[in-house]
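These two chains come separately, so use the hints to put the complex back together.
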Amino acid sequence: MLKEALPSFYVQFECDVDASRTPVRRVIVFLEKCGFDRNECSAWEVAIQEGVNNAILHSATAEPPSRQPIAIEVMVRPEYVEVLVHDHTQGFSWPISPSLPEPDSEDGRGVYMIQQLMDDSDYLRGTHSNRLLLRKNRKLTQALNAKDEEWKDKIRKFEKQLDEADSALLFMQEELSSCYESLSAIFKFGTELGKLDDIQDFADRLLKQLASIMEADCYVFRTCEEHRRTLHTYATSSSSYNIGALKWIPGEQQTNLEPLAIVNRKDVLRDTQQEPLSPTDPLAIFNAGYIQVHPIIIGEELIGVLSVGASKSEEPFTSAQTNVMHTFADFLALQLINVSRQEERVEYGKISKELEIARNIQNSLLPSEWPETERFTLAGECITSRNVSGDFFDVIHHENDPNKVLLVIADVMGKGVPASIFASIFRSLVRASTENFTQPAVLMERINKAMFHDLSGVDMFITAQLAYCDFEERIMRISNAGHCPLLLTSKESSQKISSISPEGLPLGVVRNPDFEEVEISMPDGCRMLMYTDGIVETTTRMVGNELLGQKRLLRWFEDARKVDQHAEGFKVSLKGLLKAYNGDQLKDDQTFILLVENE
Amino acid sequence: MEFESSNEKINIRGITELTAANAGSVKDEVRSRIRPEHEVLDIDMSEVRILDSSGLGTLISLHKVMCQQNGLVRILNPTPIVEQVLELTRLHRLLEITRQ
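If you read the sequences in order, they're chains F and V. Take the first sequence: its letters are residues 1436 to 2034, numbered as in the numbering used here. Take the second sequence: its letters are residues 5 to 104, numbered as in the numbering used here.
Chain V extracted, bound-state conformation (with noise of 0.2 Å):
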């Protein structure tokens, strides 16, 4: 997993599984890098291949998390199982989901 930050935002890619067995670590560490100041949670899906129940739990802490300091979560380019998991569980309207 790799970090990216600037004053507004941060970045975080190079997730290819978000399942109960990396949940809780994934969530436990994105939260620690996440500051005050930054505006903008990017999380780059493009290489993620299983997202489970457990990584949805994550994805919606973390969004809790944003939405305290007023920022937001964005989901980038989301490979077809993440978004077929975000839409039948309806949080593609929770979640704002973004192709670059």
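Same shape as in the complex, but just chain F (with noise of 0.2 Å):
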């Protein structure tokens, strides 16, 4: 690689004080050219004339005087300039420390002018030339000036890139002031939660914030029942802004902000100088430059929908402003969702207080005793499912035989409250039906001759079993209106057990139906049971949510029946094999009774 060659300059002139002048000049544009300024320049200029005229002084004194050309050498380096003076003279010997004369002496100073003016400077004699050499270290600025331009780049480009840090970090403090802002204001709407007594007005001083955080000035903020595709207005910015309920149709393309925000599940920006609003668009009544619409969307849920307008801005809503925008958003739409289950447990405790009057008012009506002879005891019960029961039961005394009883039960279709109001309407007309006490059937037909129309009306029905026992005679006669079957059997193993199940349709479905009546013995030791379908219908989830069923009731029945022990054993041991098999949940109501004969 060849070195780029130094700047240097050679002259040589006659041995003549008026002859050097012109070379010493040449010298000095020389350096001029080199990048050297004024000051120095005239500083070399003395110095190197002092060198020349000491030289020509030397030689015109030597014997013999020497007339041999003078000639200056200049050569520009990096960190310094070097001048050499060559004369052909005896030489002279150069003072290490030279004084100055005194002040009036007309002579003497030129050796101590040289060293003053150099940094560096000696006198180096030779057999046929001297040299006087001259030295000056450069000032910084020429040695920056000699530097390649790529610096001068290299510094305009980190100014550049420090005037975008500043640009940057003044955009991030305004952010940040946002952001503050913005905490700032939630905090202190947030130290309200829980003690809203006016969730309208809390509404609208927190929209009325957001404005003005925002720097807008027109805002509408619309709840939405998504399943009906509707907005209605909850809180605007003017009332002025009569703006009323808004439908959508899915899958249609949308040209209004608000739907096209809520089909699309994402904010809308629209500048309106660049894209008008339809005229049938709602916030076309806003007039504003900028419009953002941002869905409020909870979990899965649309909430509702939320805009804002600024007219004077003259450029959209920054990030921050956005970002306050959806926060205070979601905050007010959690508020709306907070007072409204509030409003919920408030109604449902209400609900749950009735529940359980209806509930007791219910119990009530089942029998609170149960008729006992010497020979015959009862038992029974109704689980129910939910607070109030559609299964029913009863247990009629004869005014005046204390044996003879008319065994009730019933289950009303459906559940909850209708079931229950059935329920209780059917043991009404039981028990003001006394006159037809001994005929189940009869009994029967006029219980679904005064409930067919209403039941028929709500398209429900009931299904029933009357028995009516004799213990002295030791007779049953039993009416069913589609219920389950009666099962009848004795304590001995060798009696099998009778499923007693008369001809008749569930009350409700026919307007006369005939009910069919069956008179049987009851055998001795006589074990007799009525249920309803929640019992044998019950699964466990033991063996795959198996069914109780008709035969594994069957099976207990077959198994207790041996067992000396009144109704109420039999009824705990019933009990034992529902609660094995209903697990944790009851599904349905279970109603039984138990008859038992002991001697």
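It cannot be assumed that every hint is accurate.
What the hints assert, rightly or not - Subject to a maximum C-alpha distance of 20 Å in a straight line, what follows is the list of computed EDC-like cross-link-like pairs (lysine to aspartate or glutamate): (1) V:Lys68 to F:Glu1537; (2) F:Lys1926 to F:Glu1993; (3) F:Lys1571 to F:Asp1554; (4) V:Lys68 to F:Glu1650; (5) F:Lys1571 to F:Glu1710; (6) F:Lys2010 to F:Glu1972; (7) V:Lys68 to F:Asp1542; (8) V:Lys68 to F:Glu1541; (9) F:Lys1643 to F:Asp1632; (10) F:Lys1747 to F:Glu1710; (11) F:Lys1747 to F:Glu1650; (12) F:Lys1574 to F:Glu1517.
Quick caveat, the hints were computed from the structure, so don't treat them as lab data.
Laid out in structure tokens, this is it:
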């Protein structure tokens, strides 16, 4: 690689004072072209001229006088400049530390001046010639100027990056300030959580604060019934914004901003000067330059839409302002949800209270005591799956004869309050029809006639079973309206279990049905079970949701009948069986009546 | 070189160099123009781009002449190199430097 040649200059001239001025000037012109400033060049001119003057003076005083030319050689190096003045005299001694003469002396200052003006100087004596060495270090600015233009470009680039960093810092500072203001506002509104008496007032104040932070001058907050595709206005920045309900049709292309944001599930920002709103868009009432619409989605559920407009702004909302808008909108939506749930809880509490009262009333209508004779005992229970039951049972004594009872069991189709109401009506009708006490089929017809209109009007029906028992005559008369069969057996293992189910449709199905009545004798050691289908249809998780079923019930009855115990003991045993199958949750009401004869 | 003379003052201007090449001739000419009534010799050095030791010798010589007639020499508006040379040789204490 070739080294770049260092600037240099050489001039030779006659050994004469007058002739020396021009070449010395030429040296100075060369230095000026190398980029040295005027002051430096002036110092060089004095020093070089002094050196030349010395050489000329000594050549004139030499024996014989020397008239050989004098030469000046200049070398410009990166760190210093070096000048050599060549003379051909005998030379002279170069003083190391010359001093100044007396002030009024007219001579003797030349060498002193050279050493003061230069950083280094020396006089090198040779055989045929001598050299006066003058050296001066270069100034920093000169070194920098001699550098590549690339450094200047780098500096300019760094300055530009610094300017960009300053702008970014300023932007971040503004964003942080905005975030602080938003957080401060949210904390302030957060203190009102759980204390709201007027949610509408809360919403108005929160949205006004939001508009202030966003430097917006109009807004509308709407709640949404997504399944009905309808938006209802909840709060606006001005009462003059009479924005009515808005419906939209899914699947159609949306031109209005609010449905557009809802369908796309994301914000819509519109510069109305570039793209005016449709005349049918309710937000056209804003008359704003920039409008931003934000769909409020909590979880997967659309709660509402918040639209904000700025009429005086020349730029859209910043990302910081948009973040604030989202935060405030979500906060307000959560507040609305909380208030709604609180109202639901209060309402649920009221309903629960009323249901509890209804259950208590219903329980009070059930038999509180079971009649007993010397030989026969009765027991029964109604286990409800809900607060109130659609199952019903009753034991009605004959007013004059304790050995005569009418056993009633019924199951109203459906659950809850409607079923329990009909169960109560059924009970009342049975108890009011005492003249048919011994005629269960006739009683069933009368009840069907009385309840048919009401039951058919709501598409409900009742299955029921009436069993008139005469313990003295040891007979039972049974009528059935679509109900589970009555099970009858005795204590003796040889006696089969009879499943008795006289013909008859459920109540409320046909206006004037026929009800069969069956009369049977009670076997010795009688065991009788009346039950609702909730018992055989209960399932167990232990065997893959298998039904308890008729067979298992019969199997239980088969084993239990052998035990010599009162009806209450049978009840405990049956409840144990049911509990093993019910698990933690009861799917349907379970009701039963047990009649047991003991010796 | 230009001269301007009044009763008490003599002013010299137009000097661009004061070196060994012209120091002698300048000294002789100025000395010839100095009259006994002159109290002040103003030398305008605003255009001097080089002042070497020979030039200093001339200034000192003229200073001696003026001192003999109780006068003084004033260096008017010296250029930076003139001021630098006078200071490093400490002649700024001998010769009055004036800026107008």
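Right, here's what the structure says about each hint:
| no. | hint | verdict |
| --- | --- | --- |
| 1 | V:Lys68 to F:Glu1537 | holds, 13 Å |
| 2 | F:Lys1926 to F:Glu1993 | holds, 9 Å |
| 3 | F:Lys1571 to F:Asp1554 | holds, 5 Å |
| 4 | V:Lys68 to F:Glu1650 | violated, 86 Å |
| 5 | F:Lys1571 to F:Glu1710 | violated, 73 Å |
| 6 | F:Lys2010 to F:Glu1972 | holds, 15 Å |
| 7 | V:Lys68 to F:Asp1542 | holds, 14 Å |
| 8 | V:Lys68 to F:Glu1541 | holds, 10 Å |
| 9 | F:Lys1643 to F:Asp1632 | holds, 19 Å |
| 10 | F:Lys1747 to F:Glu1710 | holds, 17 Å |
| 11 | F:Lys1747 to F:Glu1650 | holds, 9 Å |
| 12 | F:Lys1574 to F:Glu1517 | holds, 14 Å |
Against the hints set out earlier in the document, violations occur for numbers 4, 5.
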